[in-house]
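Asker: Model the full structure from these sequences, guided by the hints.
Protein chains in written order, with UniProt numbering: chain W, 1 to 303; chain P, 1 to 573.
The set of hints was computed from the structure by calculation and includes no laboratory data. Remember, predicted model here, so these are calculated numbers, not experimental data. Please note that a few of the clues may not be correct.
Stated by the list, open to error - So the derived list for chain P, only partly shown, Cβ under 7 Å to chain W, looks like this: (1) Pro6; (2) Asp77; (3) Tyr281; (4) Cys401; (5) Leu403; (6) Pro405.
Unchecked claim - Calculated Cβ distances over 12 Å to all of chain P for the following chain W residues: (7) Lys149; (8) Asn150; (9) Lys179; (10) Asn184; (11) Glu203; (12) Glu211; (13) Lys236; (14) Ser283.
Think of the CB as a built atom: it goes at the ideal place given N, C-alpha and C, for glycine as much as any other residue.
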Amino acid sequence: MEGYSRKDVGCPQLLDLIPKEKEWLVKSAEETNHGLSEEKKLELRLGPPGGDWTFKQICGPTNESLLFFGFLPNTTAGATTTTSPWQHQTKASFFSLMEKESCRMVELQGAEKKVFSPANTAVPNSSSAQKRTAPAPVVGWPPIRSFRKNLANGNSSKLSSELQKDFSQKPIENCPKNKFVKINMDGVPIGRKVDLKAFHSYEKLSSAVDELFRGLLSAQSDSSTNGIKKEVEGEKVISGLLDGSGEYTLVYEDNEGDRMLVGDVPWHMFVSTVKRLRVLKSSELPMLFCGSKPGRLSLDRSI
Amino acid sequence: MVNYFPEEVLEHVFSFLTSHRDRNAVSLVCKSWYNVERFSRGKVFIGNCYAISPERLISRFPRVRSLTLKGKPHFADFNLVLHDWGGYVYPWIEAMAKGCTNLEELRLKRMLVSDASLELIAKSFPNFKSLVLVSCEGFTTDGLAAIASNCRFLRELDLQENEVEDPRGQWLSCFPDSCTSLASLNFACLKGEVNLAALERLVARCRNLKSLRLNHAVPPDVLQKILARAPQLVDLGAGSFVHDPESETYNKLKNVMQKCTSIRSLSGFLDVNARCLPAIYPICINLSSLNLSYAPGIYSKELVKLIRKCKKLQCLWILDTIGDKGLRVVASACKELQELRVFKSDPNDVGNAAVTEEGLVAISAGCPNLNSLLYFCRQMTNTALITVAKNCPNFIRFRLCTLDPITPDAVTMQPLDNGFGAIVQSCKGLKRLSVSGLLTDQVFLYIGMYAEQLEMLSIAFAGNSDKGMVYVLNGCKKLKKLEIRDSPFGNMALLADTGKYETMRSLWMSSCKVTFGACKSLAEKMPRLNVEIINEGDEMEGGSDDRQNVEKMYLYRTLVGPRKDAPDSVWTL
Chain W
1 MEGYSRKDVG CPQLLDLIPK EKEWLVKSAE ETNHGLSEEK KLELRLGPPG GDWTFKQICG
61 PTNESLLFFG FLPNTTAGAT TTTSPWQHQT KASFFSLMEK ESCRMVELQG AEKKVFSPAN
121 TAVPNSSSAQ KRTAPAPVVG WPPIRSFRKN LANGNSSKLS SELQKDFSQK PIENCPKNKF
181 VKINMDGVPI GRKVDLKAFH SYEKLSSAVD ELFRGLLSAQ SDSSTNGIKK EVEGEKVISG
241 LLDGSGEYTL VYEDNEGDRM LVGDVPWHMF VSTVKRLRVL KSSELPMLFC GSKPGRLSLD
301 RSI
Chain P
1 MVNYFPEEVL EHVFSFLTSH RDRNAVSLVC KSWYNVERFS RGKVFIGNCY AISPERLISR
61 FPRVRSLTLK GKPHFADFNL VLHDWGGYVY PWIEAMAKGC TNLEELRLKR MLVSDASLEL
121 IAKSFPNFKS LVLVSCEGFT TDGLAAIASN CRFLRELDLQ ENEVEDPRGQ WLSCFPDSCT
181 SLASLNFACL KGEVNLAALE RLVARCRNLK SLRLNHAVPP DVLQKILARA PQLVDLGAGS
241 FVHDPESETY NKLKNVMQKC TSIRSLSGFL DVNARCLPAI YPICINLSSL NLSYAPGIYS
301 KELVKLIRKC KKLQCLWILD TIGDKGLRVV ASACKELQEL RVFKSDPNDV GNAAVTEEGL
361 VAISAGCPNL NSLLYFCRQM TNTALITVAK NCPNFIRFRL CTLDPITPDA VTMQPLDNGF
421 GAIVQSCKGL KRLSVSGLLT DQVFLYIGMY AEQLEMLSIA FAGNSDKGMV YVLNGCKKLK
481 KLEIRDSPFG NMALLADTGK YETMRSLWMS SCKVTFGACK SLAEKMPRLN VEIINEGDEM
541 EGGSDDRQNV EKMYLYRTLV GPRKDAPDSV WTL
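Answerer: Listed below in structure tokens is the structure:
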């Protein structure tokens, strides 16, 4: 980012705390970006009402032990009376640490001006205290609700929550976020549309097809067409769509107009060439019962 | 003295107490106050549906009219909890249907709601008025159809971010012609088509409709017709906002928008053509709430043009496509801003966040009333956080999420301990905090020291040792919910203050260093806690090794012992 280093190096010098007016006056990074040459006093004061305490430089470990003592459950009354002095010392502590930090930054000013690259992903490994590094990709990080993630994937059909496992390593192509194709099923007069970008595998597509058509298929075989039907009874799972083992088989029409068996090519290749889907009765595809490996057969156009 | 007041007087006095905490406090004063309070309590809030049973609820509060229930732990939102972990609402509905049929309002969050539950609600509560479902799943539009058909006095149907199957898509037509009571209808999260004619007729006959949030399936021409019929709307969620700016529809929409002078809250835009946004300009000046976080198609320039007009904005939810530059515009235009949420625009593209600490600092300088923040950013610095803390001491909710969970201060490469320390020190009313970035035990020291009002804390990939967690448990007296993932806190921290957990609603620890043995001993020691171990896969096969680390532990206080509806992969110790 341009100008990033300049602005940011200016920041710590902007924390001018003026307790005598009993309010914090702080200039934002925006307003006082005067560059490196202007001398800024770094005067830090703590301003509890009526107090004008100056802090002492206190090193970390001593502080910590004082605090830790103060927080043990069986603290005696003595601890409370010492609350003020050590508390103000410890309040000072992170300001003092901050000052150390800003001193570092002042040093940086004199150094060669660099534009800090925002991509600090290499940094975690070099940091002092941290023994762990965040594995990538991380389940559930960044913490975004599945609902939002699904929206960002531009999906309006059923999505499974396993999508998030794929999130960080996919190459981002220059293609639209949806791919809606028609899908018709033998014996069901009304077709559906599915967004193929919502699925990342043939298995998910297959189970989505089952969910889409299961109800419609049983509604066709029943005579009831109005009211709310209890979906549990009388519905058969539509399975075996991909391997020829089920009552139905999934086929598709590709960009050259040919009818093909679903499952032969890698998923992303399938998504890029598919134009529409059909769910055909397996009995109408005698070749599938030949016993040879499924997926190598291309259906006769006449079917 | 007060015992001489007749109960009616006490009841009348209590009727002025609206907060749950006040009513809870009042019920502890003495037996007669307890009884008066419990018979007059209309609204009950149950933050963890497994902390109490429906039967006990009804026996204590027989006249409850409004029930709020929450199910799964918060981290379920991020796929850290099994889908079938629990949180079934059916037993509650069943019990209420038998014992408390004057239920009017049900508000559920992260619960499993089946169509059967919705059908039971529709049948059992003649005065049912309001159904609010947030982040729930397990139901389809069939269940909604049952509610629409049968709840004659329905005032509110509010569906927020639920996963809903839509096998038939005709639920909206199920509102009978006699239904004129709807004041709030939100179906923005539904993915399927709706019967547009039925929608128009519904809007036309519900003269009290104040809040309407449409899904993507409602096209602009229908939106225009709806707005023409309902200029009294206060809250609008546009569905699809894609049309040709040259078209007649667009013109009509522009004209009708100008008449919608009551709209204070705007959301939706699930599909949007940015060139159509000028249609909204006339109402911007009245807006107090704007949610464009579902609209990925709007780029910074257009966003900025729109937001510049929203001078009275108090609540803004936006995507990070707004950029730091855009946030500076927000800071200069929206002086009354209280709540800001900046979401990641493309969750799959981890390396491309468009906001940094600069945007946040700008907002803090321009918007001193800011009290609630959710900020997804690529980087952060201590200095920025300290500046924000000084500019905005009124934070109640502060949730920061760096894209890389352990990214240090972008300039100094130091941990972000001091930045968050400044936040907790300055914001004395802070109730909710989520920390991220490179953090050591020091930040928890500060949190324990300063965050006196803190009720909920979310920790991920932070801390060095048990001390960190102990600082928090010891220091935060009002802590209710603590959720920790991937942090090196172990048995010493878990067992340091077991009594603390009875003062809290729940504790979640996943991928930490807590062992099976420690969880078992905690469960033994504290019978009023449910300590649940969630196993996915084969971790715990072949008996349990006490020294083995537990992958996911969720514990919560309860008055009713271990639950009976846990799936096989969840063990209650």
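Asker: It remains to establish, for every hint, whether it holds in the given structure.
Answerer: Outcome of the hint check:
At a threshold of 7 Å, the smallest CB-CB gap from Pro6 (chain P) to chain W is about 45 Å, leaving the interface hint violated. The interface hint given for Asp77 (chain P) holds, since its Cβ lies 5 Å from the closest Cβ of chain W, which is under the 7 Å cut-off. The beta carbon of Tyr281 (chain P) comes no nearer than 25 Å to any beta carbon in chain W, farther than 7 Å, and the hint placing it at the interface is violated. Because the beta carbon of Cys401 (chain P) sits about 5 Å from the nearest beta carbon in chain W, less than 7 Å, this interface hint is met.
Because the smallest distance between the Cβ of Leu403 (chain P) and any Cβ of chain W comes to about 6 Å, under 7 Å, the interface hint for this residue holds. Contact between Pro405 (chain P) and chain W, as hinted, is supported at the beta carbon level, the nearest pair being about 5 Å apart and thus within 7 Å. Under the 12 Å C-beta cut-off, the non-interface status given to Lys149 (chain W) relative to chain P is violated; the minimum distance is some 5 Å. With a cut of 12 Å on Cβ distances, Asn150 (chain W) falls inside the contact zone with chain P, its closest approach being about 8 Å.
Distance check on Lys179 (chain W): its Cβ is at least 16 Å (rounded) from any Cβ of chain P, clearing the 12 Å threshold; non-interface status holds. Interface exclusion of Asn184 (chain W) from chain P stands, the closest Cβ pair being 17 Å apart, more than 12 Å. The beta carbon of Glu203 (chain W) sits about 17 Å from the closest Cβ of chain P, which is more than 12 Å, so the claim that it is off the interface holds. A Cβ of chain P approaches the Cβ of Glu211 (chain W) within 12 Å, the least distance being about 8 Å, so the stated non-interface status is violated.
Distance to chain P confirms Lys236 (chain W) as a non-interface residue, since its nearest Cβ pair spans about 15 Å, more than 12 Å. Consistency note on Ser283 (chain W): stated as away from chain P, and its beta-carbon is indeed over 12 Å from all of that chain's, at 27 Å minimum.
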